[in-house]
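Chemist: Protein chains in written order, with full-length UniProt numbering: chain A, 1 to 826; chain B, 1 to 135.
FYI, nobody ran anything at the bench for these hints, they're computed from the structure.
All C-beta atoms, glycine included, are put in the ideal place defined by N, C-alpha and C.
There's no promise every hint is true.
List of simulated lysine-lysine pairs, DSBU-like, C-alpha gap at most 30 angstroms [said to hold, decoys possible]:
1) Lys524/A <-> Lys29/A
2) Lys5/B <-> Lys680/A
3) Lys445/A <-> Lys524/A
4) Lys47/B <-> Lys446/A
5) Lys5/B <-> Lys618/A
Some chain A residues flagged as far from chain B (calculated, every beta-carbon gap over 10 angstroms) [stated by the list, open to error]:
6) Glu187
7) Pro192
8) Ala196
9) His259
10) Thr525
11) Arg533
12) Ala552
13) Lys567
14) Asp626
15) Pro689
16) Ala731
17) Ala734
Quick list of the computed label-pair ranges, beta carbon to beta carbon [as the list claims (entries may be wrong)]:
18) Gly93/A <-> Leu9/B: 55 to 61 angstroms
19) Ala33/B <-> Gly436/A: 39 to 45 angstroms
20) Ala73/B <-> Asp141/A: 45 to 51 angstroms
21) Glu65/A <-> Gly83/B: 26 to 32 angstroms
22) Asp71/A <-> Ala73/B: 30 to 36 angstroms
23) Gln771/A <-> Ala33/B: 39 to 45 angstroms
24) Ala73/B <-> Glu508/A: 36 to 42 angstroms
25) Gly83/B <-> Gly792/A: 42 to 48 angstroms
26) Lys445/A <-> Ala73/B: 24 to 30 angstroms
27) Ala33/B <-> Lys445/A: 30 to 36 angstroms
28) Leu9/B <-> Asn267/A: 45 to 51 angstroms
29) Ala73/B <-> Gly398/A: 51 to 57 angstroms
30) Lys205/A <-> Thr82/B: 56 to 62 angstroms
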Amino acid sequence: MLTRTGQKPRLVLVGNGMAGMRTVEELLKLKPDMYEITVFGAEPHGNYNRILLSPVLAGEKTVDEILLNDDGWYAERGIRLHKGRRVAHIHRGRREVVAEDGTREPYDRLLLATGSTPFVIPVPGHDLPGVVSFRDLQDVDAMLAASRSHRRAVVIGGGLLGLEAANGLLRQGMEVTVVHLMDTLMERQIDPPAAALLQRSLEAKGLQFRLAAQTEAILGDGRVTGVRFRDGTEVPADLVVMAVGIRPNVELAKASGIHCERGVVVNDTLQTYDPVVYAVGECVQHRGQCYGLVAPLWEQAKVCANHLAEYGIARYEGSVTATRLKVTGIDLFSAGDFLGDEHSEDLVFQDAARGVYKKLVLRDGVVRGAVLYGDTIDGSWYFQLLREGTPVNDLRDGLLFGQAHLGDSGHGDDKTRVAALPDAAEICGCNGVCKGAIVQAITEKKLFTLDDVRAHTKASSSCGSCTGLVESLLATTLGGDYSQTPAKKPVCACTEHSHDEVRAAITEQGLKTMAAVFEALDWKTPDGCHVCRPALNYYLLAAWPGEYRDDAQSRFINERAHGNIQKDGTYSVVPRIWGGVTTPTELRAIAAVAEKYRVPTVKFTGGQRIDLLGVKKKDLPAMWRDLGAAGFVSGHAYGKALRTVKTCVGSEWCRFGTQDSTGLGIQMEKLTWGSWTPHKFKMGVSGCPRNCAEATIKDLGVVCVDSGYEIHVGGNGGVKVRVTDFLCKVATEAEVLEMTGAFMQLYREEARYLERTAPWIERVGLTHVQQAIVEDADNRARLHRRFLESQGPAQVDPWAERAAGHAAQEFQPLTPIAERHEEVPA
Amino acid sequence: MNWVKLGALETIPRLGARVVAGPNGDIAVFRTAADGVFALADRCPHKGGPLSQGIVHGERVTCPLHNWVIDLASGSATGPDTGCTGAYRVRVDQGQVWLDLDPVVSAPVHAAAADPEEAAEAGTQAPTPAQREAV
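With the hints as extra help, turn the sequences into a complete structure.
Modeler: Written out as structure tokens, the structure reads:
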């Protein structure tokens with residue numbers, strides 16, 4: 001270790017900007033007391049949200065609103081902040097940094113986050129008063145001052161930054177001309193058709209354009225008066241803003257002998273050529289890439305903090321980025337390779353009258369790029385498809401029409417743009433959070449990510465159906481370069497590993513206990529949390545059926561107490577009624593139990609079962625014993641498990657019924673009951689295409705037809721209503737049963753915990769499922785066999801076990817021994 | 001000080017909890033993986049959820065109703081949620097768990113409080129029978 005004996009190691013951060021401070025914040029989350037931290041910032045104020053400079057310029061936000069951490073924040077955390085002191089040199093040999101004013105700080109580890117500097121075209125006159133760049137608060141101040149006393153502005157640069165600057169100046173009342181070298185705007189983000197639409201709406205707002213114009217000189221004597229182009233023409237100007245690009249600020253690193261190319265070169269652990277010197281942010285060059293957007297910085301900060309905290313398990317592997325333009329009233333989104341090449345194909349939607357243009361670039365059946373203009377509500381969805389490489393051939397028909405078919409709690413339709421919603425509009429129906437509250441939290445509490453919003457407002461933290469809307473709000477509020485959380489999502493804060501990685505490790509490394517998983521995958525917490533433990537318990541159970549011993553304390557209370565916890569802490573009891581068919585004797589038994597235990601509410605569920613609500617926990621085992629005596633087993637209505645098989649009366653009674661749907665449903669339920677799945681699993685069997693059992697919104701539905709059985713999968717009647725995809729048609733009941741077992745096993749083995757079949761199928765593609773179980777008979781048979789093997793130990797009635805005394809402690813209160821002691825025990 | 005003996009430590013499952021009927025409502029007694037023992041009023045400061053039924057991790061418990069995470073030592077909700085439930089002293093002496101029925105931190109009265117009198121005193125809505133009898 002590099003520490004001095006008995007003292008904390010010293011971490012010095014050069015650069016008090018977003019990337020550096022984010023790294024420090026991530027580090028404080030992991031190891032709050034590990035380092036003595038010192039921060040140097042060249043700017044005279046605390047750190048602020050640079051993304052929001054454009055809204056400040058446009059007068060939509062104040063400077064105070066974009067400050068991230070004030071002096072008190074640093075003081076509270078014991079961080080020494082040197083404001084307004086530019087670091088002049090790094091003595092790597094002595095491990096010491098020296099500021100321009102002579103301040104010296106020794107370090108054990110150094111973090112460089114020097115950001116970037118605006119690129120200034122070295123034409124004559126570039127240093128005249130009245131020529132500014134658009135990079136920091138000082139520039140914004142200069143522009144605002146100019147807008148108060150001058151009229152005409154020229155912005156050189158028709159890229160993202162230039163247009164935002166031009167829009168801001170226009171909003172401040174200036175006449176603005178945008179000068180651009182290329183003949184279309186934002187050529188690095190959007191294609192010519194979208195650029196043309198963009199130009200038209202910016203012109204409608206009052207901006208003027210000089211495209212394909214090369215600046216030859218900036219004119220003026222004492223102060224800028226105009227701009228002259230190569231063709232000899234001139235435009236008058238009182239203010240010239242250079243917004244032609246940024247360059248990683250590598251001067252300091254270079255001067256101290258750290259290897260730099262375009263940026264400070266770092267590896268996947270964000271270490272520079274000198275291993276005790278780390279670097280993050282815009283000053284960095286990683287795998288040949290430099291980034292000027294915020295999302296990659298967040299990812300880098302996280303990885304860097306992980307290594308500074310000496311966990312040593314995270315890697316930064318580069319980022320895919322997406323862009324939005326922060327110009328009020330203009331919706332523009334672009335991501336990935338939006339131009340395409342001869343090997344790619346374009347899906348294009350164009351409605352010039354409405355000012356809507358959408359283009360998706362596909363290659364090998366996955367999204368490679370997207371440009372959206374005028375309607376960007378699906379931007380985050382396309383971006384997710386792009387980053388995760390989701391196969392989209394199965395979605396292709398509706399792809400351009402957006403995610404609305406997945407349901408967004410009714411918000412996803414054309415008329416209600418999230419930006420246009422009033423502040424009082426409810427975004428999260430579960431927690432009653434309205435748009436205004438979310439926007440306020442994002443700005444006041446300086447939130448950047450979906451997780452932040454979830455933590456602070458609860459929006460999107462329950463059923464998640466409003467996640468897309470919340471992301472849109474983040475994007476519209478933060479504007480510009482917000483792009484959502486990284487593609488690789490860890491299971492929870494206890495680990496850096498994703499669900500898929502954890503699952504793979506469990507099977508490949510033969511991990512058979514939770515402790516082994518924690519050990520092998522370097523869990524950050526000794527015993528996980530309420531998010532990861534239930535997931536790990538399921539993965540272990542699914543990987544080692546019969547061998548892994550279920551961990552009750554890692555199950556949500558519903559599965560631990562085998563009943564549904566209700567809002568008042570009572571439970572509900574649902575006995576299994578196979579296929580929904582019961583008898584007078586069974587009904588009498590249920591009625592007797594309901595009376596004996598004074599069940600306040602008896603209700604039919606949506607899945608044709610009877611729910612006994614309001615049961616006290618301590619009464620559960622006795623009630624189950626009585627139900628068991630009448631022949632009932634648990635309906636698993638509480639579990640991430642096979643729930644019900646809903647049926648209609650079929651050929652036995654119905655004049656239209658083509659097959660015995662009731663009998664088939666019972667067989668399916670007998671085959672599959674007791675199996676634990678990543679999420680709840682529901683089935684339905686309809687006797688004819690009239691579909692009275694609503695089989696086409698089930699995880700697996702069978703629709704009987706005269707010539708056999710149609711099998712449908714991936715339906716959902718829940719949060720996001722989704723109609724099933726047609727999987728295949730078979731001729732016999734035996735084939736239905738084999739297909740059912742194989743499908744369930746594929747879902748059990750592949751889906752992430754708490755992922756229902758609908759999102760799973762959308763993620764992997766229906767084609768994948770068809771290849772695995774319809775086209776490959778051998779694989780289907782193997783999956784079905786593995787399903788049957790797991791069912792051996794799984795088909796045990798948990799109610800019977802507990803009625804017989806298993807886990808009795810769970811249901812009994814701990815009675816204090818009525819024994820008082822005068823003395824306090826030691 | 002009002003110490004009562006609850007019984008052997010082993011009667012509380014590791015990473016689990018048991019419930020004791022206290023004079024002012026249920027008390028949840030938790031045991032961590034490292035055999036730390038803590039006691040809190042069995043009501044989440046959010047909507048009165050039974051904390052004893054939640055998942056215990058580290059020295060925290062997650063309420064089973066809406067996933068609020070409560071610190072076992074202080075009874076306080078962890079950020080950014082705010083609120084606090086009552087906390088009680090616990091000791092383990094020769095393998096026996098002792099609980100002080102006098103709270104260290106009193107639980108603020110909640111609309112869904114398990115004790116009807118307590119709720120009535122505070123002028124809040126009286127709980128339903130089901131709430132009163134909740135285990």
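Chemist: Work down the list of hints and note, for each, if the structure agrees.
Modeler: Hints versus structure:
Distance hint between Lys524/A and Lys29/A is fulfilled; the C-alpha atoms sit about 11 angstroms from each other, no more than 30 angstroms. Of the supplied pair hints, the one linking Lys5/B and Lys680/A is violated, its CA atoms being roughly 42 angstroms apart against a limit of 30 angstroms. This hinted pair checks out: Lys445/A and Lys524/A have alpha carbons roughly 27 angstroms apart, not beyond 30 angstroms. Between Lys47/B and Lys446/A, the direct Cα distance comes to roughly 28 angstroms. Compliance with the 30 angstroms bound is thereby established for this hinted pair.
For the proposed pair Lys5/B and Lys618/A, the alpha carbon gap of about 22 angstroms is at most 30 angstroms, so the pair holds. Chain B leaves Glu187/A outside its interface by the beta-carbon criterion, the shortest separation being 42 angstroms against a cut-off of 10 angstroms. Non-interface status of Pro192/A relative to chain B is upheld: no Cβ of that chain comes within 10 angstroms, the nearest being about 46 angstroms off. Its beta-carbon lying about 45 angstroms from the closest one in chain B, Ala196/A satisfies the requirement of being farther than 10 angstroms from that chain.
Every CB of chain B is more than 10 angstroms from the CB of His259/A (nearest about 41 angstroms), matching its label as outside the interface. Under the 10 angstroms C-beta cut-off, the non-interface status given to Thr525/A relative to chain B is violated; the minimum distance is some 6 angstroms. Here Arg533/A does not stay apart from chain B, with its beta-carbon only about 6 angstroms from theirs, under the 10 angstroms limit. Some Cβ of chain B comes within 10 angstroms of the Cβ of Ala552/A; the nearest lies about 7 angstroms off, and the non-interface call is violated.
Non-interface status of Lys567/A relative to chain B is broken: a Cβ of that chain comes within 10 angstroms, the nearest being about 7 angstroms off. A cut-off of 10 angstroms between C-beta atoms confirms that Asp626/A is not in contact with chain B; the least separation is 19 angstroms. The claim that Pro689/A lies off the interface holds: its Cβ sits roughly 41 angstroms from the closest Cβ of chain B, which is beyond the 10 angstroms cut-off. Non-interface call for Ala731/A relative to chain B: holds, since the shortest CB-CB distance, roughly 46 angstroms, exceeds 10 angstroms.
Chain B leaves Ala734/A outside its interface by the beta-carbon criterion, the shortest separation being 42 angstroms against a cut-off of 10 angstroms. Roughly 57 angstroms separates the CB atoms of Gly93/A and Leu9/B, a value that falls within the hinted 55 to 61 angstroms. Look at Ala33/B against Gly436/A: about 43 angstroms separates their beta carbons, and that is inside 39 to 45 angstroms. At about 48 angstroms, the beta-carbon gap between Ala73/B and Asp141/A stays in the expected band of 45 to 51 angstroms.
Remark: the range hint 26 to 32 angstroms for Glu65/A to Gly83/B is upheld by a beta-carbon distance near 28 angstroms. The beta-carbon spacing between Asp71/A and Ala73/B, approximately 31 angstroms, falls within the hinted interval of 30 to 36 angstroms. A C-beta distance of roughly 43 angstroms is found between Gln771/A and Ala33/B, which places it inside the suggested range of 39 to 45 angstroms. The hinted range of 36 to 42 angstroms is satisfied by Ala73/B and Glu508/A, whose Cβ atoms lie roughly 39 angstroms apart.
Here the CB-CB span from Gly83/B to Gly792/A is close to 46 angstroms, well matched to the stated 42 to 48 angstroms. For the pair Lys445/A and Ala73/B, the beta carbons lie near 26 angstroms from each other, so the given range of 24 to 30 angstroms is met. The beta-carbon spacing between Ala33/B and Lys445/A, approximately 33 angstroms, falls within the hinted interval of 30 to 36 angstroms. The hinted window of 45 to 51 angstroms between Leu9/B and Asn267/A holds, with their beta carbons roughly 49 angstroms apart.
With their beta carbons about 52 angstroms apart, Ala73/B and Gly398/A fall inside the hinted range of 51 to 57 angstroms. Evaluation of the 56 to 62 angstroms hint for Lys205/A and Thr82/B yields a failure: the beta carbon distance comes to about 44 angstroms.
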